[in-house]
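A.B. asks: Can you make the complete structure from the sequences, with help from the hints?
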Amino acid sequence: MFASFQYIPGQSFVHRLDPRTKLIAFLLVVVCTIILDDARLLLALFALSLAYYLLARLPWRTLWRAWAFVLFFAIFLVGGFSTILFGQPPAQVTTLHPLLTLPPITLPIIGTFQKVIAWETVFLGFARMLRPLAIMAMILPFSFTTSPYLYGVAFRKLGLSDGVAFALDLAMRYVPTIARDFFITVDAQRARGYELEAKAAGIINMIRRAAPLMVPVTIHAIAGGEEVVEAMELRAFGVGRRTWSEADTLHLKTADYVVLGLAVLVLLTCLGLRWFTSYGSYWFPAEWFA
Amino acid sequence: MATTSMRAQPKENLWAFGTREIVYSAIGAALYGVLNWVFNNLQLPGTNLVSFRPPVAIPMFMGIVFGPLVGFFTGFFGNVLGDLLSGYGFYWHWDVGNGLMGLLPGLLPLVGISLARAQRSYVIAAVTAIVASLVGMAFPALLINPFVMREMDFGAAFATLWLPAAVSNSVNGAILVPILLAAWNAYRARSGR
Amino acid sequence: MAVDMPLVIEDLGFRYAARTEWALQGLSLSLRPGEMLLVAGASGSGKSTLLRCINGLIPRSYRGDMAGSVRVNGEEVQNYPLAKLAQTVGTLLQDPEKQILGAHVKSEVAFGLENLGLPAREIKARVAGTLARLGLSELRDRDTFALSGGEKQKVALAGLLAMEPSILLLDEPVSSLDAASAREALLLFRQLADEGKTVVLVEHRVEDALAARPDRVLYLKAGQVHYLGDPNGLADVVDWRQVKLPTPAVIRRIQVQGGRDLASVPPAAPTPNAPPLVAFQNVSFHYGDGPDVLRDINLEIRAGERVALLGSNGAGKSTLVKHAIGLIKPRRGRVLIEGRDTRDLSVAQVAKTVGYCFQSPSHMLFAPTVKEELAFGPRNLGYTETEAQQFSAEAVAMLKLVGLEDYSPLSLSFGQQKRVTIACVVAMRSKILALDEPTAGQDFGTYMSFMDSLTGVGGADDMHTDIASHFDVLLFITHDLDLAISYASRVVLLADHTIAADGPPHEVLRDQALLDRCRLVRTSLLEENLRALPHTGRFMRVEALAQRVG
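Chains as they are written, first to last, in my numbering: chain A, 1 to 290; chain B, 1 to 193; chain C, 1 to 550.
Worth flagging that the hints you see were computed from the coordinates, not collected in a lab. Mixed in with the good hints there might be a few duds.
[What the hints assert, rightly or not] Derived contacts from chain B toward chain C, CB cut-off under 8 Å, selection only:
| hint | residue |
| --- | --- |
| 1 | A182 |
| 2 | A183 |
| 3 | A186 |
| 4 | Y187 |
| 5 | A189 |
| 6 | R190 |
[What the hints assert, rightly or not] Label-pair ranges, simulated between beta-carbon atoms:
| hint | chain 1 | residue 1 | chain 2 | residue 2 | range |
| --- | --- | --- | --- | --- | --- |
| 7 | B | P109 | C | T20 | 30 to 38 Å |
| 8 | B | L110 | C | K84 | 37 to 45 Å |
| 9 | B | V131 | A | Q88 | 26 to 34 Å |
Idealized CB from N, CA, C, for every residue including glycine.
C.D. replies: In structure tokens form, the structure reads like this:
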């Protein structure tokens, strides 16, 4: 295995956006999902996010894993299990429209009970699961179309200090080195008869079995730290404000202003609807079930 | 080589972020990211819904040894890197939760505890790991999810998000943080730091 | 005092805080522009302390008592602002892995300039200029991680040169390079001195460093100046066991002073009729869809052999050994361990025959005590707890680790750790001891006595137990020609992913064209051995050679 970031180079519309644009657009959509409770508006927001996601032309082959994870979380955990099955309807709901009644279940101590699933919680669950989906559609383009080597300079330009921004770059520098060291350690321990797949009795022993791998890698990684500090000081790190010589690779273009303007507009629309109209809060079309 | 040990290491402000903190933050984040990635891929037996994550000990350990900011950066950015390497998305509130797991152990000096080389310190380290897990995971699972993102009711978030993560991280941390700390103390004894 | 001397040191001394002895004492010297000083000495002799006094880490980062003065371009180093010092004195660390801070070559070379806050345009121009000067322009956008060792060292140097220092401090810069890359780097240092830079080169393998043609040599011993002067005079005053000197000089010294009689070391020979412990049959291997890393390897190893696996970096040495320990299974052909195909064996089962020590102890040591560390292998191999304890105790005795059983291996010195890693193999009762670069990370004197104790040379010394006799075979990977000459009964030379030659050292290493093809550089020990070969009939280490050619 080789430690490689899942960055996919390309020339799509989203690829050509400035990393800062992608990040700010993402944050604004997160705020929108927090403002909204209305399933209709969340659906519209998700549709917009999905359009943005599709503009990035990311290969499904690489992305299915991320989507599988969030779909499972959104549909099964958030929507299904914890809302529709076991969740409470919102406080303002007074009457419930039953969808189906599950067969009675008998449990020890608790006794027999029967669960009624209501349309109200179905609408709630639907609205809730749209949040992680919209957020995911906004962040995946950032993760997969932005070279991680630009994080340092991008966050520096967003106002982080030289130190924190450089720490991001330095972390990137160490990822392949530490991954290589990890696999050397795996080989070294296997040569001593250690088997990765072997089972151990009990949870504690199972966790302790991580020690022959984790201890050498950890100590080896931090043991050289003081020398790195010296290497940096000897090359004048920290004497003053740094230049980021790659900074000119980042600049906002027309497309960036369009995307940012659109994102701000969406946010303002959400705020306006929420404050001045009945749109935005929990929506249940009772008339459909009259 | 041994003379590296004689480098002066003044007791600095807990919140200082100088060259040393930058270096250990970067190393810690890369380490946590790589270990998250390999343990995600190794898929050890007996781990289904709750992913088996021994690496959670790394941010806690870094927090204890190098302070709260290094612990936070290790947990936060290491988790981001692990997800980037694994091809997952980006879950900012869980990243912050992981950051808190590294930050909290770094606050021990505030309550007057220093993990010197006494045997007892390993018990304290284990307890610290548990507290850091419970509180760290509470941020995304009990605060952000039910009250800010409003994806689940508190009860559901407690049972399906917080409990599995907090318990699994506590057990992993309580076992592995003392082991890592003992190894580091031994290494320091060699180089006389 | 002439102001145009770029580096003037007067009566310099330093004692680290909490230490009683001085790390460096009474050193005075001055260097002119374009002068190269070679600094030699064993570990702990004060070499690193001297460098720290010149680059300002002392007294900025290290506390202690300082005596005398270091003046760079006429001004006390202590009074330099850091930014100015970084543009005056460039320090190349021993391990480029620690020195390199950028993920890409261009960001690494730009690092110092960015810290100085220079305009981006100027930085880019200087980066391009420096890379071009060192012939590295095509590496500009490459990941630093993916560079070869020699390239890494050059890129690290480019990062310093971009800051245009007038003084260069080079701390054992070639210790991790193979011979050809080391030679190339040393010639580059010479060129920099010729261009007017003042160069301080620290290197304990004096023989190798002489390729850079230093103007003077400083030999430090326990913090004191033992010799300072012409390189030719060094051989007469220093201990050739501590510093690697050119072979003719060593031979002269031994003949004058007398040396231990080592001619009795028998050339270990295999038992011809014994079945091979390890057999490679037409083995080829490649990763993924990549090119062959190994091609048509045929090799048999029998009890009684001492095998050196020789080749430059990237020739396929470690892939070959990973096949022998079952970590990798061949794509074509097969590897037999005592007659059984590794495809049918677990790595643990193979370990009962072949025990392998990785290069760096820090990649494997993890247990809370030495005892536990040694019992780890036997337990994994399925021995009972009693057996594991017993094997562990035997290994402790054999490797002279008595008294350290309850210490954490991480708290031991590097040399002790190295012994623990070998004890780990002893405790597994493997028949073959295989070592990857056994000399890495140790200075010359230390690694020679380490190899002596491994191979059972030199008997009388307390440290020298015959560890090799405990194993049927000793196999070591190395890129050091002299190690193969001094300690191997058989050399397997790997080049271009296949075996280029296989046989006794004096047969394999005779062929100059072959050595060139394998990026191996002739050493003076090889040349003296070749000269004496008609009388000696085989290659031998320098002590034995000295007695024969006298």
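A.B. asks: Hint by hint, note whether the structure agrees.
C.D. replies: Evaluation of the provided hints:
Checking B:A182 against chain C: minimum C-beta separation of about 6 Å stays under 8 Å; hint holds. Because the beta carbon of B:A183 sits about 6 Å from the nearest beta carbon in chain C, less than 8 Å, this interface hint is met. Checking B:A186 against chain C by beta carbon gives a least distance of about 3 Å; that is within 8 Å, so the hint holds. For the restraint placing B:Y187 at the interface with chain C, the shortest Cβ-Cβ distance is roughly 4 Å, inside the 8 Å limit, so the hint holds.
Residue-level restraint check for B:A189 holds (minimum Cβ-Cβ distance to chain C is 4 Å; threshold 8 Å). Taking 8 Å as the C-beta cut-off, the interface hint given for B:R190 holds, the closest approach to chain C being about 5 Å. Between B:P109 and C:T20 the C-beta distance comes to about 32 Å, which sits within the given range of 30 to 38 Å. In this structure the hint that B:L110 and C:K84 lie 37 to 45 Å apart at CB holds, the actual value being about 39 Å.
A beta carbon spacing of about 31 Å between B:V131 and A:Q88 agrees with the range 26 to 34 Å that was offered as a hint.
The structure shown violates none of the earlier numbered hints.
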